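Heads up: the protein sequence lines correspond to chains A and B, in order. Using this note's numbering, the letters of the first sequence correspond one by one to residues 1 to 180. Using this note's numbering, the letters of the second sequence correspond one by one to residues 1 to 206.
Since the hints were made in silico from the structure, they are not lab data. Among the clues, some could well be false.
Claimed, not checked - Here are the in silico distance ranges between beta carbons for each label pair:
1) B:R95 - A:E9: 32 to 42 Å
2) A:L45 - B:V117: 21 to 31 Å
3) A:D159 - B:N67: 44 to 54 Å
4) A:D6 - B:A73: 33 to 43 Å
5) A:P118 - B:E66: 38 to 48 Å
6) A:A125 - B:N67: 30 to 40 Å
A quick note: this is a predicted structure, and the numbers were derived from the prediction, not measured. Here a beta-carbon is modelled for each residue, glycine too, at the ideal position from N, C-alpha and C.
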Amino acid sequence: MKGLMDERELSVELAELRSALRELRAPPADEALLRAAFRARRQRLVVAAGQRVDRGVRRRYFAAAAAVTAVVVAAVIGLIGLGRGAVQRPGAEVPVVAGAAAPEATVATAFQPLMYSPGFSPSAAYSVVRVRIPLSSFAVVQGTTVDGTIEADLLVGEDGIARGIRFNKADTLLVSAASE
Amino acid sequence: MTEANPPIEDRTDAELLAAIAAGTEQAFIDLYARRQTDVYRFAFAMAKSRSFAQDVTQEVFLNVLENAARFDAAKGSVRAWLFGCARHVVLDRLRLERRWTDEAAEEIGEHGSEEHVLLQQRAVRLHAAVAQLPVEYREAVVLCELQELSYAETAAVLACPIGTVRSRLHRGRALLAAMLAEGDEGATPAAVVGEAAALRPREVCS
Numbered sequence: 001m002k003g004l005m006d007e008r009e010l011s012v013e014l015a016e017l018r019s020a021l022r023e024l025r026a027p028p029a030d031e032a033l034l035r036a037a038f039r040a041r042r043q044r045l046v047v048a049a050g051q052r053v054d055r056g057v058r059r060r061y062f063a064a065a066a067a068v069t070a071v072v073v074a075a076v077i078g079l080i081g082l083g084r085g086a087v088q089r090p091g092a093e094v095p096v097v098a099g100a101a102a103p104e105a106t107v108a109t110a111f112q113p114l115m116y117s118p119g120f121s122p123s124a125a126y127s128v129v130r131v132r133i134p135l136s137s138f139a140v141v142q143g144t145t146v147d148g149t150i151e152a153d154l155l156v157g158e159d160g161i162a163r164g165i166r167f168n169k170a171d172t173l174l175v176s177a178a179s180e
Numbered sequence: 001m002t003e004a005n006p007p008i009e010d011r012t013d014a015e016l017l018a019a020i021a022a023g024t025e026q027a028f029i030d031l032y033a034r035r036q037t038d039v040y041r042f043a044f045a046m047a048k049s050r051s052f053a054q055d056v057t058q059e060v061f062l063n064v065l066e067n068a069a070r071f072d073a074a075k076g077s078v079r080a081w082l083f084g085c086a087r088h089v090v091l092d093r094l095r096l097e098r099r100w101t102d103e104a105a106e107e108i109g110e111h112g113s114e115e116h117v118l119l120q121q122r123a124v125r126l127h128a129a130v131a132q133l134p135v136e137y138r139e140a141v142v143l144c145e146l147q148e149l150s151y152a153e154t155a156a157v158l159a160c161p162i163g164t165v166r167s168r169l170h171r172g173r174a175l176l177a178a179m180l181a182e183g184d185e186g187a188t189p190a191a192v193v194g195e196a197a198a199l200r201p202r203e204v205c206s
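Bound conformation, chain A alone (with noise of 0.2 Å):
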């Protein structure tokens, strides 16, 4: 090749280029920052363990959780359902449920929102579903009892989540006392 040249000569350059990069010192190292780095990436692998450990303990809770929820869910949807096959079909029957008595007959509070629930829209649709709530899941008092249960009505909207309570009037005091 023309103008190329001779290769002993370019082994000869690369051997000086080789000796100069031998007089190369990299800057001193800073034992303080290196034994900091090391401890703190020695302490992130130390956690990242861990984490692999409580990984199959997490997934076994997450799986439990689930099957919660979605047991939950689907009562509420099929409550839901129920209403609204009631509710939407005008010439149908309204299936009655034997023991089961008019709200309008025992019921005499206004819906209370609940808190944390998306709250009200006049727009939207929603179910009325009755319950019995257990005592025991509100705040004792002195003086009330914990035993039994009360009757309420729950203001469930189309997405299945509970926006407002009221409470059997029969019943009124004893939750006002309950939750004071």
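Given chain A, work out where chain B should sit, using these hints.
Relative to chain A, chain B alone:
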């Protein structure tokens, strides 16, 4: 009764790496002190920048902390393994920063006698030419010619066959010679590299 560990100064690089993987802080300090200059020189030879070389050295040894347990002595020496780590860091940084050779030339040593200065100038000129090489050839030239790794070690670092290393080195040397000769005649190294683009290898080693 357990056998006491030998003093860290007497341990091989592989033993130090094993100790680092086991969590021995002093082993890390010692390996850093022993091998930082090798990594620094490699990075400097590749990118012709001291700050770049310093950053690469730090990143390589941080990687060592996490990957010490992955070292396999059957695949090569610790030094070659470190060059392999350094190569990845260098390529990543070059790709990110798009700073291949655009920094002003940095002189390698201290000034001395007139003859020494002349030698330095030749070395700086050659280093500039090396830094202009396509990266595939540059790696082979730096590892084989400047870091004095064997073909087998270089092949392990570049993760490609020895034959590929040989051919890249051959082409790299030919390009260097052409660049220096053309440089003497007034052409820029970049122009020579541009003409030689057709010589670039098709295969890419990981």
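Distance restraint hint 33 to 43 Å, applied to the beta-carbon atoms of A:D6 and B:A73: 41 Å, holds
Whether the CB-CB distance between A:A125 and B:N67 falls inside 30 to 40 Å: Check failed, 59 Å falls outside 30 to 40 Å.
Distance restraint evaluation - B:R95, A:E9, Cβ atoms, bounds 32 to 42 Å: 34 Å, holds
Outcome of range test on Cβ distance (A:P118, B:E66; 38 to 48 Å): 46 Å, holds
A:L45 versus B:V117 beta-carbon gap, inside 21 to 31 Å or not: 49 Å, violated
Outcome for the supplied range 44 to 54 Å, where the beta carbon pair is A:D159 and B:N67: 49 Å, holds
Consistency note: the structure conflicts with the earlier hints numbered 2, 6.
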